[in-house]
Amino acid sequence: MIFQLLVGNLTHGLLLGGVYGVATMGLSLIFGVINVVNVGHGQFIMVGAFVALTMFTALGLSPVIAIPVALVLGMALGFFFFYTVMRRLIKAPELTSLLATFAMGILLEEIAKLIFGADFRGYNWAVGKITLPITTIPMSKVYAFVGSIVIALFLYFWFSKTRLGTAMRAVIEDNEGARVCGVNVGWIYALSFAIGIGLTVMSGVLLTMFIPVGINPYMGGRYTLKAFVIAVLGGLTSPYGAFFAGLIFGLIENGAYTLFAQIPGVAPFPLTVSLAFWMLFFLLLVKPTGLLGK
Amino acid sequence: MKKNYLRVLIFMTIFGLLFAANAFAAPPSKLVIGHPACLSGKYAKAGEQAIGGVKACIDWVNNVYGGILVGGKRVPLEYKYYDCESKKEGVTSLIERLITVDKVNVVFSAYSSGLTLAGAPVAERYSMLYMDHGGASDRIFQQGFQYIVQTIGPGSKYHVGTLSMIDHFDPEAKKVALAYEDSEFARMTMGGAEKHAKKLGKKIVFKRTYPKGVTDLTPLLSDMKARKPDIVVGGGHYEDGQLFARQMSDLDINVKALSLVASATLPAYYKALGGGIAEGVMGPSHWEYGVTFSPDGAMKVGLDWIGPGQDEFVSLFKKALGKDMIPDYHAAEAGAQVLAYVKAVENIGSVDQFKVRAALGKLKFMSFYGGWDVDDTGMQIGHSMVDMQWQNGKRVIVWPLEAATGNLIYPKPKF
Amino acid sequence: MKKTLPKYYPLIPVFAAYLIMFLVGFSIPGMWQMVALLAFYCALGQSWNIFMGMTGYVDFGYVTFIALGTYGMSLGITYLSQYEWLGIGIIVIGFILALFLASLSALLEAFIALRLRGAYFAIACIGINEGLRYLIEGAKFWGGSEGLIFFGALVQALGRETVNQLTTFWADFSVFIIAALAAFLNMHYMRSKIGYALTAVREDEDAAKVMGINANKYKTIAFLTSGWLGAAVGAMAWGLKLGYVYPGDVFVIHYTVECIVVVLLGGAGTLLGPVIGGLIYGLSKYWLAVIMPGFQLLIFAPIIIIIIVVAPEGVVGLLKSKLKGTKLEMFIE
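Residue numbers (the numbering used here), protein chains in the order written: chain A, 1 to 294; chain B, 1001 to 1415; chain C, 2001 to 2333.
Same shape as in the complex, but just chain A (with noise of 0.2 Å):
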């Protein structure tokens, strides 16, 4: 019983994981090529669970159409944020980029609550179940588990196929040879910095069709920690790797849990959270370039 408890919960977790994963990307990507860690990473989630609502509740679309647009918005907030506030930020100790970044969260959630109120939301896109012999699917987590497979394909194409997406590759590897190679550097720094919350926003629809309820301005900061641990699977600096690291981070946490559950007189749930954590610190001690890194 255990092991079919196992074998379900896994399926799930690795649903969960392209997720995650999707989540985790824009969060790398902006680290990698301006060396900042997006402390309000999490809100930009937010930011895409409502725009999910909104136009499922107010407009009736389905959460598939949102995600196009979540993108569009989320670059759209992220060259808003480069240029009035990043951009200055780049060449200074990263005390300043973390606490920038911390304020956008905050600002963020006021202004999320201003606008739908304090209040815990959700949706319910009823397309169906898939019944297999171990575990019951609602069809919404297999579309966003394609979603996320989807963006996580095209965003490998662009970053070896297309001119941009190389350049923004040599940023990360050596920004002043990039520079010396004729990279317009500022730009690049714009155009990843907006991709990276794109990707973020966008994700956030992703999560949506997971879990559809709960969302509500505040829900953004324990995402915020999740991508930090996935994050440092992956190597940090990686978009791949953080998607990656996704997918495993989703088996560990719901496995994870299985086998915990076994253990008498603790609490599993907690302890999935602990280990993670736990992990996440003697992985930076001993291979600080991530699991799949080199």
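Misleading hints may appear alongside valid ones.
[Said to hold, decoys possible] Straight line, CA to CA, 35 Å or less: simulated DSBU-like cross-link-like pairs of lysine-lysine:
#1 A:K91 with C:K2320
#2 C:K2320 with A:K287
#3 B:K1199 with A:K129
#4 C:K2140 with A:K91
#5 B:K1042 with C:K2140
#6 C:K2320 with B:K1198
#7 A:K129 with B:K1394
#8 B:K1394 with B:K1073
#9 C:K2140 with B:K1199
Simulated from the structure, these hints should not be mistaken for lab results.
Guided by the hints, dock chains B and C onto chain A, whose structure is given.
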């Protein structure tokens, strides 16, 4: 050092005397309720409701009731509130400000057991009456605080009625699953539910907690599904209550009865789940829109009645917040607390902190919120709960039978 | 490094500020808790600053120290209040326990600092903080998620009057002492060998090593000092003062951010900075909560962003450049 300490003592004594003098002075021209409210931060939702409830009842006291009768004349109530950001540091300094600068006559606690505890030492220090409408932990009342009084009922009672109800309709449903949030309040509910279930001869097939702010309950619920429960009771707050029902539906866990605390009862719950999923979900509540407590009912059980009727309260609440929002139990308990204070002050005709606290201890009355009675430590024991169920998008009170507005749908429709 | 003699002039404005705060709180009714809140922010800023200012590490998990301090005090009181003969000694033991727990955590962080820098270090410290919080909740020790509530135990052990005094006066008063001590230590370190050594390390670690400076030793001292001060603040302002502790209420990264805001507003790495930052931050937060309840964060967030962009050296940085060459210069550090 020694000398310094003495000076502090002298200073404090003078200070205290000044206060005492203040309290014994001629009848005041107004009475002020102070409140370090949670307008932002993690309890912003409950905080807004509480403010609305307090404002609505103050409005009623001043404009309908005509003010509080104290020292032979009727004086109005005032309300002074600040935002503590749902944080413990905010609570202490704001309470002191309310007591010393704003000279309030009573302090209402901030929402949650933690914040209520954070403010209690300051209230004690100034011998200030401290009324708790949002801290459900029994442990608050085991700390020896002298000026604290509770309006909200203790958490351990929440699911007792629910289990009795199911036992009444279907004694054969034996397998009970408990899955609660790991918070002060929900843990107490779980303890109470477990005890009562055993008393009724039920079998606990599953018992787990999950942390605050959980984002995915799938592994816990899969485990629960494998135990094939008949009855599921659990929850803790609004958001995890949404997640709970939603993911039970995702996993197709169909049970005979599902009752969630502090979430299913809120008016927006049905809409937040997008309809169908909430159908048949139940929740216990201190108070619900539709509960029929009335002056006649109060007379039958021999209790005094004070305050607005239910519809009047709802319209005052909407006016107070300027929003078309239905009040939930957070609003009702904060509002009832205003009425309790009014009643206690009138009973003794004084605003002296200690006397009012004593009067509250003896007070028994009924309002739109239901009965009110506290024990020696200040813990609420007079308030009883109701159980409601979502039926066709409407909230129907199904238990206790004498308060019911409809019949229980049992077993719960499939997701 | 400047050729200033080991004089402590810059401490004068800092101590003057604390004295004024104390007097205001002490003599004007209703100001005490507010002033205590300011002292809390100043003390935290000052303690965090020792760490950051001297080693250049941004410790995002600093709240771990405060939380462990709270737990040290809470554990001491909860488990020792049954021994009546200990009397007020339970608070002393609780305080020592707080420092002990903080030492362990400080040594762990010092160990990480040997390997990691910048954002990696910051994230690792967050990892410790969250890992510890959920370990307490998951493995259910130290009261687990049910926390420790010990106000009643305290009343039973020491009597109601004493406890009233302790929680609403002496706990806050000791925060003042800790703040002043933090300022003194900061100044002392700046003016002694450890300060010069760490400056050398910060500027060029390899060169410093060649010169025979034991960087690790001095870093560890700075970590320990900063951790102890944080734990002391936690033990007093959260433990003794509030009489309860829940893991979810103390291991909160948000408080580290508050430390950073305080330090950055005033001026990072300066002595007077955290005091000015703490005053600005605490006062504006308090008054916004009073005047415009519910909107303070909406107003605060853009202000922080503007300050970072416009004046990244903080108020003291501006002040320093204004006063350069005047006689007042020696009072500002």
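Verification of the hints:
no.	hint	in the structure
1	A:K91 with C:K2320	holds (22 Å)
2	C:K2320 with A:K287	violated (43 Å)
3	B:K1199 with A:K129	violated (39 Å)
4	C:K2140 with A:K91	violated (45 Å)
5	B:K1042 with C:K2140	holds (24 Å)
6	C:K2320 with B:K1198	violated (71 Å)
7	A:K129 with B:K1394	holds (27 Å)
8	B:K1394 with B:K1073	violated (45 Å)
9	C:K2140 with B:K1199	holds (27 Å)
When the structure is compared with the earlier hints, violations turn up for hints 2, 3, 4, 6, 8 and for no others.
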